[in-house]
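Novice: This is what each chain is made of:
Number of protein chains: 2
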Amino acid sequence: MKKQIHLNAFEMNCPGHLSHGLWAHPEDQRTRYKDLSYWTQLAQLLEKGKFDALFLADVLGIYDTYEQSADPAVRLGVQIPANDPMLVIPVMAMVTKHLGFAMTASTTYEQPFSFARRMSTLDHLTKGRIAWNVVTSTLQSSAYNFGLTDSVKHDERYEIADEFLEVCYKLWEHSWDDDAVVKDWANQLYVEPSKVNFIDHKGKHFSVPGPHLSEPSLQRTPLIYQAGTSGKGKELAAKHAECVFIGGYRPEVIKRNVEDIHRQAALFGRKSGHIKTFGVLTVITGRTTEEAQRKLADYSSYFSQEGAVLHYSANTGYDLSEYQDEDYLQYTETNHGQSLAALFTKDAAKPKTVGEIKHELGQIGNRGLLAVGTPEQVADQMEQWIDQTGLDGFNLMQVISPGTLQDFVELVVPELQRRGIYRKEYETATLRQQVFGGTSGRLPEDHPAISQLRKGNTHDAITY
Amino acid sequence: MKKQIHLNAFEMNCPGHLSHGLWAHPEDQRTRYKDLSYWTQLAQLLEKGKFDALFLADVLGIYDTYEQSADPAVRLGVQIPANDPMLVIPVMAMVTKHLGFAMTASTTYEQPFSFARRMSTLDHLTKGRIAWNVVTSTLQSSAYNFGLTDSVKHDERYEIADEFLEVCYKLWEHSWDDDAVVKDWANQLYVEPSKVNFIDHKGKHFSVPGPHLSEPSLQRTPLIYQAGTSGKGKELAAKHAECVFIGGYRPEVIKRNVEDIHRQAALFGRKSGHIKTFGVLTVITGRTTEEAQRKLADYSSYFSQEGAVLHYSANTGYDLSEYQDEDYLQYTETNHGQSLAALFTKDAAKPKTVGEIKHELGQIGNRGLLAVGTPEQVADQMEQWIDQTGLDGFNLMQVISPGTLQDFVELVVPELQRRGIYRKEYETATLRQQVFGGTSGRLPEDHPAISQLRKGNTHDAITY
Numbered sequence: 001m002k003k004q005i006h007l008n009a010f011e012m013n014c015p016g017h018l019s020h021g022l023w024a025h026p027e028d029q030r031t032r033y034k035d036l037s038y039w040t041q042l043a044q045l046l047e048k049g050k051f052d053a054l055f056l057a058d059v060l061g062i063y064d065t066y067e068q069s070a071d072p073a074v075r076l077g078v079q080i081p082a083n084d085p086m087l088v089i090p091v092m093a094m095v096t097k098h099l100g101f102a103m104t105a106s107t108t109y110e111q112p113f114s115f116a117r118r119m120s121t122l123d124h125l126t127k128g129r130i131a132w133n134v135v136t137s138t139l140q141s142s143a144y145n146f147g148l149t150d151s152v153k154h155d156e157r158y159e160i161a162d163e164f165l166e167v168c169y170k171l172w173e174h175s176w177d178d179d180a181v182v183k184d185w186a187n188q189l190y191v192e193p194s195k196v197n198f199i200d201h202k203g204k205h206f207s208v209p210g211p212h213l214s215e216p217s218l219q220r221t222p223l224i225y226q227a228g229t230s231g232k233g234k235e236l237a238a239k240h241a242e243c244v245f246i247g248g249y250r251p252e253v254i255k256r257n258v259e260d261i262h263r264q265a266a267l268f269g270r271k272s273g274h275i276k277t278f279g280v281l282t283v284i285t286g287r288t289t290e291e292a293q294r295k296l297a298d299y300s301s302y303f304s305q306e307g308a309v310l311h312y313s314a315n316t317g318y319d320l321s322e323y324q325d326e327d328y329l330q331y332t333e334t335n336h337g338q339s340l341a342a343l344f345t346k347d348a349a350k351p352k353t354v355g356e357i358k359h360e361l362g363q364i365g366n367r368g369l370l371a372v373g374t375p376e377q378v379a380d381q382m383e384q385w386i387d388q389t390g391l392d393g394f395n396l397m398q399v400i401s402p403g404t405l406q407d408f409v410e411l412v413v414p415e416l417q418r419r420g421i422y423r424k425e426y427e428t429a430t431l432r433q434q435v436f437g438g439t440s441g442r443l444p445e446d447h448p449a450i451s452q453l454r455k456g457n458t459h460d461a462i463t464y
Numbered sequence: 001m002k003k004q005i006h007l008n009a010f011e012m013n014c015p016g017h018l019s020h021g022l023w024a025h026p027e028d029q030r031t032r033y034k035d036l037s038y039w040t041q042l043a044q045l046l047e048k049g050k051f052d053a054l055f056l057a058d059v060l061g062i063y064d065t066y067e068q069s070a071d072p073a074v075r076l077g078v079q080i081p082a083n084d085p086m087l088v089i090p091v092m093a094m095v096t097k098h099l100g101f102a103m104t105a106s107t108t109y110e111q112p113f114s115f116a117r118r119m120s121t122l123d124h125l126t127k128g129r130i131a132w133n134v135v136t137s138t139l140q141s142s143a144y145n146f147g148l149t150d151s152v153k154h155d156e157r158y159e160i161a162d163e164f165l166e167v168c169y170k171l172w173e174h175s176w177d178d179d180a181v182v183k184d185w186a187n188q189l190y191v192e193p194s195k196v197n198f199i200d201h202k203g204k205h206f207s208v209p210g211p212h213l214s215e216p217s218l219q220r221t222p223l224i225y226q227a228g229t230s231g232k233g234k235e236l237a238a239k240h241a242e243c244v245f246i247g248g249y250r251p252e253v254i255k256r257n258v259e260d261i262h263r264q265a266a267l268f269g270r271k272s273g274h275i276k277t278f279g280v281l282t283v284i285t286g287r288t289t290e291e292a293q294r295k296l297a298d299y300s301s302y303f304s305q306e307g308a309v310l311h312y313s314a315n316t317g318y319d320l321s322e323y324q325d326e327d328y329l330q331y332t333e334t335n336h337g338q339s340l341a342a343l344f345t346k347d348a349a350k351p352k353t354v355g356e357i358k359h360e361l362g363q364i365g366n367r368g369l370l371a372v373g374t375p376e377q378v379a380d381q382m383e384q385w386i387d388q389t390g391l392d393g394f395n396l397m398q399v400i401s402p403g404t405l406q407d408f409v410e411l412v413v414p415e416l417q418r419r420g421i422y423r424k425e426y427e428t429a430t431l432r433q434q435v436f437g438g439t440s441g442r443l444p445e446d447h448p449a450i451s452q453l454r455k456g457n458t459h460d461a462i463t464y
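Residue numbers (UniProt numbering), protein chains in the order written: chain A, 1 to 464; chain B, 1 to 464.
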């Protein structure tokens, strides 16, 4: 059997996400983001297209680096207004049977005890279709809103994330035995107390005795997504993530990152087959090359370069309004998110001028791979990237919503299925099984949540 | 027009809630709490019965006071396992048009910035049907799970709650102007930046510059519920709550509490008509007195006195296993929740023995009013209590779910409607309008969120 491509859709609970300015396009429906029906229709479309999951991004702050002001982001609607991602998942679960839901949540601003219960609740309600995209949060404006005087230092953020995950694993995997819930009506025994364990976690950042409040769900631990490109970020992904999200548009750089993740994961004792990698892909398709190109030109006329530039400024910490177009932007590791700086400078053979960077940012699909063409051309391109990079699939970005995905599901999905590289039907299973196969929705034994932590050894720490 | 009765259903996302042991009853369906369909069916039933709202309790800890062990609570399933209440609301909103949803969340363990966004998201998705039951959390086991060495002191909890509410009000009411969202396609102006205000809150417990991430929802501030019986709790309720939840079963004590709330609210400049009070009521009804009594006897045979006693022990901080039945339990103010201690000792003319308290706890409906009888008898009783106490309505507890509410909706609701004291149809409106009428779903001008805080005066504090 040929290698199967896995697909997620990449969206956010706001009118903007990454298609800056496209809310003004007459076909874009993202301004309906406050309506339940917007989300149920999107979920039904994705299930029709046999996607693994809808991946919901999130940001708990505002982009105020560019021109040292929040005004440009507010004016252009760049990820503000933005609502909570978690709360649209239950309705999407109700109208689907197989589609998974990956939600972004930050280990810097959540509390593991209540967060773990929320994820267990979602895993129960969706019958094992939940994934968690682990982020550590970079924005200073977020930090201020949580009472911190500055964003938590980069390395400390990852240390906190590591311990946060450890607490969650203890709650999800090691607090309740599989057979703890007895429901023995005659003896008034709902749960066998000897099978519910306190976790007694006492660490540097968290102290959580437990027990977990939720009984075991189908997956216990949600499928773990992570997008790490910095040194520490890659380490976190290699250690914990099952699905790793890799930005960039140059196949040789993506290939290097894919290999890095697998190599580092092996150092943590994890099998290569237990990690899948996903590129970021924008697809604009039509029945003819001309139709696809016409759509690209149409969408591009709405795309806001300023929106992309201010987003880049906030993500990298470089206020591009302070540079001349001829200045060179040299990549340096900062406290702030460096994925975009890496994407646009490290990816290239040489540093780029600010003018060149702005030009690139002004293009549709600026954050990853872009395929424009007929279904055959797009499928060829996708197969070629998979071959060149070792990626297992893609997170598909929408230009207009849900139009971009409608086109993809209608035109490209049948072509991928015809080639035998994409599922024709779901297997009835949890999200983890949809992505990795197997007979159980649970984490594999080589995952640190299992291999490094044991029930009863409540003072274990994940160390390597 | 006669005074209209308002009704909420009182439930929790767990198999137990307050009907300890009833999960063993063959007709009880609460063990389906992990299924979306359990909640959608319950919501549809309540909307058929023209209820104001489903009120969801919550606890972020475990009851381990009794016998100084968590085992009895685990064994009997007393509010463990328990899932997050927030996540079942979106699906219930999807299958209803008018029913409101009151969710419990603690000001001690949430962060106001992200919490305010979650509530705004729910208010958007439900189109203005969200209420928040403000609690401050009393359990030591909760405190430990949030890294605290002891539960936050009683008075400090209320001080934190007061500031938490202030931050939320600033985000909900004063950050975005009503006309901030412009969606001016031609000029790439999604939001007018001058109409989005930083709140710049700097207080003793929270520092939140804002702005709020969500655009204004129909209600902006969710309808505020509170149940306060201690001195500080009553003060918090009188200052902030629109719907006040009053426990107890002796009409003269309820009456005194109702009057207290209105008197204290007046001191805060609030109109009496902007506060409604709700008693706690269990109704067991049948077509004949005998049928109702048979149900009571049947349910009582499943009710777990031990479950009620351990719940009481955790809520009051008195481990009843340490007392003899002949001991007298004298009410004293403690760091822990005193509502039940107050209920069972202060309510009475004299202190009670532990044996008497245990006996009372072993009865169905032990936390409030109990009506058992035909629809006419129940309606008579409800009318009488309303007359005697000044209450505006009731939070209805279920013995078996959804059977208790099915009986009520089928038998008692038509009787209340026939008497002209209960709505026959919903008006199309927000939850706040369903409860208070009026043409707007927004907070009234005399509420401290409006009267005490003004846009631009970002350093205001609510002081009285």
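Hints are computed from structural coordinates only; laboratory data are not their basis.
Errors might be hidden in some of the hints.
Given that identical chains are not distinguished, each listed pair holds provided it fits within a single copy or across any two copies.
[Stated by the list, open to error] Here are the computed lysine-lysine pairs in the DSS-like style, where the Cα-Cα straight-line distance is at most 27 Å:
1) K295 with K183
2) K183 with K358
3) K232 with K153
4) K202 with K153
Novice: Does each hint fit the structure? Answer for all of them.
Specialist: Hint check:
{"no.": "1", "hint": "K295 with K183", "in the structure": "between (58 Å within a copy, 23 Å between copies)"}
{"no.": "2", "hint": "K183 with K358", "in the structure": "between (62 Å within a copy, 25 Å between copies)"}
{"no.": "3", "hint": "K232 with K153", "in the structure": "within (12 Å within a copy, 39 Å between copies)"}
{"no.": "4", "hint": "K202 with K153", "in the structure": "both (22 Å within a copy, 23 Å between copies)"}
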